[in-house]
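Novice: One-letter residues, chain by chain:
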Amino acid sequence: MAKVRNKSFVIMTFLSPILMVGMIVLIAFLTEVNDSEKRIVVVLNESDYFSNEFNSTASVSYIKFRDINLEQARDSTISIGYYGLLHIPKEDSLEKVASAAFLYTKENPTSYILERLERIFENRLRQERLQKIGVSSEEFAAIEKNFEIHTATFKGEENVKGLNMMKAFVGGAFGYLIMMFIIIYGGFVMRSVIEEKTSRIIEVIISSVKPFQLMLGKIIGTSLAGLTQFAIWIFSASLLLVVALLLLDIDLGVMASNPAISANPMLNMPTPQESEMEFWAKEFFNLPLLLLLGSFIVYFILGYLIYSSIYAAIGAAVDNETDTQQFIFPIILPLMLAIYVGFFSVFNNPHGPIAVGFSLFPLTSPIVMLMRLPGGIGEGGVPLWQLLTSIILLIITFLGIVWLAAKIYRVGILMYGKKPTYRELFKWLKY
Amino acid sequence: MSHILVADGVSKKFGNHTALSNISLEIPKNCIYGLLGPNGAGKTTLIRIINQISFPDTGKVYFDGEALASHHIAAIGYLPEERGLYKSMKVGEQALYLAQLKGLSKAEAKKRLKYWFDRFEIGDWWNKKIQELSKGMAQKIQFIVTVLHKPKLLIFDEPFSGFDPINANKIKDEILALKEQGTSIIFSTHRMESVEELCEYITLIHESEKLLDGKLSDIKKAYKNNVFNVSLQTEENAENILNSINGDFQITNSVYNIEEKQFDFTVQLPSDNTSAILSKLASLGNINQFNETIPSANDIFIQTVKSKTV
Chain A
0 MAKVRNKSFV IMTFLSPILM VGMIVLIAFL TEVNDSEKRI VVVLNESDYF
50 SNEFNSTASV SYIKFRDINL EQARDSTISI GYYGLLHIPK EDSLEKVASA
100 AFLYTKENPT SYILERLERI FENRLRQERL QKIGVSSEEF AAIEKNFEIH
150 TATFKGEENV KGLNMMKAFV GGAFGYLIMM FIIIYGGFVM RSVIEEKTSR
200 IIEVIISSVK PFQLMLGKII GTSLAGLTQF AIWIFSASLL LVVALLLLDI
250 DLGVMASNPA ISANPMLNMP TPQESEMEFW AKEFFNLPLL LLLGSFIVYF
300 ILGYLIYSSI YAAIGAAVDN ETDTQQFIFP IILPLMLAIY VGFFSVFNNP
350 HGPIAVGFSL FPLTSPIVML MRLPGGIGEG GVPLWQLLTS IILLIITFLG
400 IVWLAAKIYR VGILMYGKKP TYRELFKWLK Y
Chain B
0 MSHILVADGV SKKFGNHTAL SNISLEIPKN CIYGLLGPNG AGKTTLIRII
50 NQISFPDTGK VYFDGEALAS HHIAAIGYLP EERGLYKSMK VGEQALYLAQ
100 LKGLSKAEAK KRLKYWFDRF EIGDWWNKKI QELSKGMAQK IQFIVTVLHK
150 PKLLIFDEPF SGFDPINANK IKDEILALKE QGTSIIFSTH RMESVEELCE
200 YITLIHESEK LLDGKLSDIK KAYKNNVFNV SLQTEENAEN ILNSINGDFQ
250 ITNSVYNIEE KQFDFTVQLP SDNTSAILSK LASLGNINQF NETIPSANDI
300 FIQTVKSKTV
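Heads up: the protein sequence lines correspond to chains A and B, in order. In this text, residue positions in the first sequence follow numbering that gives the first Met the number 0: the first is 0, and each later residue adds one. In this text, residue positions in the second sequence follow numbering that gives the first Met the number 0: the first is 0, and each later residue adds one.
Source of the hints: derived by calculation from the structure; they are not laboratory data. In this text the structure is predicted, and so the values were computed from the model without any measurement. Check before you lean on any hint, since a few could be wrong.
What the hints assert, rightly or not - Derived Cβ-Cβ restraints for the label pairs, each shown as a range: (1) A:P329 with B:G102: 47 to 53 Å; (2) B:K105 with A:P329: 38 to 44 Å; (3) A:G399 with B:A73: 28 to 34 Å; (4) A:Y339 with B:G102: 32 to 38 Å; (5) B:I301 with A:I395: 44 to 50 Å; (6) B:G14 with A:P287: 26 to 32 Å; (7) A:F13 with B:E81: 20 to 26 Å; (8) A:G399 with B:A66: 48 to 54 Å; (9) B:A106 with A:M179: 58 to 64 Å; (10) A:L332 with B:R190: 56 to 62 Å.
Unchecked claim - Sample of chain B residues with no beta-carbon within 12 Å of chain A, all distances over it, derived: (11) S1; (12) F13; (13) Y77; (14) R82; (15) G83; (16) K86; (17) M88; (18) Y96; (19) E131; (20) Q249.
As the list claims (entries may be wrong) - Cut-off 30 Å, straight-line C-alpha distance, at most; resulting in silico cross-link-like pairs (DSBU-like, lysine-lysine): (21) A:K426 with B:K223; (22) B:K305 with A:K209; (23) B:K223 with A:K209; (24) B:K127 with A:K209; (25) B:K59 with A:K406; (26) B:K305 with B:K219; (27) B:K223 with B:K113; (28) A:K406 with B:K86.
Every residue gets a Cβ at the ideal spot worked out from N, C-alpha and C, and that includes glycine.
All chains should be modelled from the sequences, with the hints used to inform the complete structure.
Specialist: See the structure below:
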């Protein structure tokens, strides 16, 4: 009502996507800048065990010093301003060489460089040890090959590894969206109730409309406002994101691949980006999208209605926002629980007992069930009875909670100056 | 039926606390009715029941001859004690919204609002936000919103708190004008003196119970105690006068002003027959003033509470 026409609401509606995209672009940009700084490490190799292991990459290059002692090498590294000096002394075995090697840097070395250097040593050591038991370098190279298991469902359609990740991602995104929406717009409902209470307009209004009507109207109104806002955000954010990426020519792949773990994907594995995108897109359309969208809306509406009625009751019970903390915690708890259960248990075993339990329990089911649903309904997915049971339970809970919330609301909005306890709230139910 | 509102044995409890116990009252049409009593007596609870904000545990309320139902809300205008408006909403928008809640069409609401805004000379407030207005200004808006839908029954809870004397008078005049147009009005207040002159009927409520009700003039007649204020212009010695009257009547609070030669006192008569004292006074000097002290609602209230508790 008043909220929607509020200037800051309108501004935030249109500004947040820009801010959001701005953030993403900024992060991508910073990541690139950070990466593009090339570090030069001087290698003073006195041993016989290393020769051409130090290959420059996009972010590190190596310069080899020869025939000077450590003192001189250190001085010249400092005077030229190179990033660091790796000293590999001469010893009679590789093991000893490795343990006597030292990296000198001006400040603490970055984890990226450390890991790269350590990997070089590890590889060399592994090669050496394998050679001792009779494995040649060619055989060693053959051993190092990656392996991926091929999977398929019993129906015979060839499954790709990405599908499970995709399911988890989509389910998680939906669940997370519901949680965010409940917390943000439930808070709206609560603040709006508190505002009407503190501005003392409430009694004027409920002499015209029933408190129950007012509460439901407020919840529904706020949710519609929120949905509109969300729709605008999602639409404009995705639009802006595409535009921004095209304009700035920033590659999301840079952000997605953690440079510390993968050995720089840009250079080492020249996978064409298009094919990967196509792969994900294909996977995405393999999901039961219609089912997901439909159940998202159902769970979203029911879950939101339940939680925001509780928020409205809290708003009515207190006098100002600082008093809400003790009541809000028990609301956030099941939401957090749902998200964590979802991420840690449901993704591993979408149809295990914990996942089933939480996807039936009304306060967590909107989130957990959506995380399970990308697996589809029926065989191999969520049994139909579970889906229906959880929806029916949700509806029953919704009716019960709205009834209770309305009672607290009716009494609470006309109570001033008291910070109620749970016991008093319970008493209000009987008025 | 000539009653706009009848309450029949209304009781309301909140947990162990009794807010109203067996209250019955009849409010005639087209009158100003005072619902008087100290804070916490149960006035607001009763009003909330009339407004169907809460509901009685036992007892019934009849509005204009019918059992109170939700459609009566549109025929009642209520200005609560705890009143306020949306702070960040514009005056005009807000007034329109509240009027539409009472069932007025937008066009009709606009027309009537314009009339009232012109009447109070506040037409230029339309686009202001409530938070820019002073408390008194906001109260005017609230008054307008309360009466805008032309209710049959107007209920004002502590109506004059928050108004300066000038605006309080203005509101008083408006209320009287509404009464002339046939509206029934209930005032609820603990400041009894503020509405005494306006009310034709009153009910006194104390600790959830009705102490007395009826026509204010009848009540006052019943509670008057034959005490008169006298102001006498005389050349006589005050002592002599005192002695000569005190034999038959009881004098209290006597003051003699030598310069003005004026003797003021209060006298208690044995009955409401004034001829004896008047002839006596006339023989002593010039009577400047002779009037009966009529107990105020406040006095009556205190007297009743005392007599009930003793």
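Novice: Please go over all the hints and tell whether each is borne out by the structure.
Specialist: So, going through the hints one by one against the coordinates:
Under the hint 47 to 53 Å, the C-beta atoms of P329 (chain A) and G102 (chain B), about 40 Å apart, miss the expected range. Between K105 (chain B) and P329 (chain A) the Cβ separation comes to about 43 Å, which falls inside the hinted range of 38 to 44 Å. Range check, G399 (chain A) to A73 (chain B): about 32 Å between beta-carbon atoms, so the 28 to 34 Å window is met. Range check, Y339 (chain A) to G102 (chain B): Cβ separation about 50 Å, and the 32 to 38 Å hint is violated.
Between I301 (chain B) and I395 (chain A) the beta carbon distance is about 57 Å. The supplied range of 44 to 50 Å is therefore violated. The hinted range of 26 to 32 Å is not satisfied by G14 (chain B) and P287 (chain A), whose Cβ atoms lie roughly 53 Å apart. Restraint check, F13 (chain A) to E81 (chain B): a C-beta distance of roughly 37 Å breaks the suggested window 20 to 26 Å. For G399 (chain A) and A66 (chain B), the hinted distance range of 48 to 54 Å is not satisfied, since their beta carbons lie about 31 Å from each other.
Between A106 (chain B) and M179 (chain A) the CB atoms are about 42 Å apart, so this pair departs from the stated range of 58 to 64 Å. The hinted window of 56 to 62 Å between L332 (chain A) and R190 (chain B) is violated, with their beta carbons roughly 49 Å apart. Remark: the non-interface label on S1 (chain B) is consistent with the geometry, its nearest Cβ contact in chain A lying 25 Å away (cut-off 12 Å). With a minimum CB-CB distance of about 6 Å to chain A, F13 (chain B) fails to clear the 12 Å threshold, and the non-interface call is violated.
Look at Y77 (chain B): its CB is around 4 Å from the nearest CB on chain A, not clear of 12 Å, so calling it non-interface is violated. The claim that R82 (chain B) lies off the interface is violated: its Cβ sits roughly 5 Å from the closest Cβ of chain A, which falls inside the 12 Å cut-off. At the 12 Å boundary, the C-beta of G83 (chain B) falls inside the reach of chain A, the nearest C-beta of that chain being 3 Å off. Separation of K86 (chain B) from chain A is inadequate, the least Cβ-Cβ distance of about 5 Å not exceeding the 12 Å criterion.
For M88 (chain B), the requirement that its beta carbon stay farther than 12 Å from each beta carbon of chain A is not met, with the minimum near 5 Å. Remark: the non-interface label on Y96 (chain B) conflicts with the geometry, its nearest Cβ contact in chain A lying 8 Å away (cut-off 12 Å). No Cβ of chain A comes within 12 Å of the Cβ of E131 (chain B); the nearest lies about 14 Å off, and the non-interface call holds. Every CB of chain A lies more than 12 Å from the CB of Q249 (chain B), the least distance being 49 Å, so the non-interface label holds.
Restraint check: the Cα-Cα separation between K426 (chain A) and K223 (chain B) comes to about 47 Å, which exceeds 30 Å; the hinted pair is violated. The hinted pair formed by K305 (chain B) and K209 (chain A) fails the criterion: a straight-line CA distance of about 40 Å is larger than 30 Å. At roughly 46 Å between alpha-carbon atoms, K223 (chain B) and K209 (chain A) are farther apart than 30 Å, so this suggested pair is violated. Simply put, K127 (chain B) and K209 (chain A) have alpha-carbon atoms about 29 Å apart, close enough for the 30 Å limit, and the pair holds.
This hinted pair checks out: K59 (chain B) and K406 (chain A) have alpha carbons roughly 22 Å apart, not beyond 30 Å. At most 30 Å may separate the alpha-carbon atoms for a hinted pair to count; K305 (chain B) and K219 (chain B) meet this at roughly 17 Å. A hinted pair counts as satisfied when its Cα atoms are at most 30 Å apart, and K223 (chain B) with K113 (chain B) does not qualify at roughly 47 Å. With a C-alpha separation of about 27 Å, the suggested pair K406 (chain A) and K86 (chain B) falls inside the 30 Å cut-off, and the hint holds.
The earlier numbered hints that this structure contradicts are 1, 4, 5, 6, 7, 8, 9, 10, 12, 13, 14, 15, 16, 17, 18, 21, 22, 23, 27.
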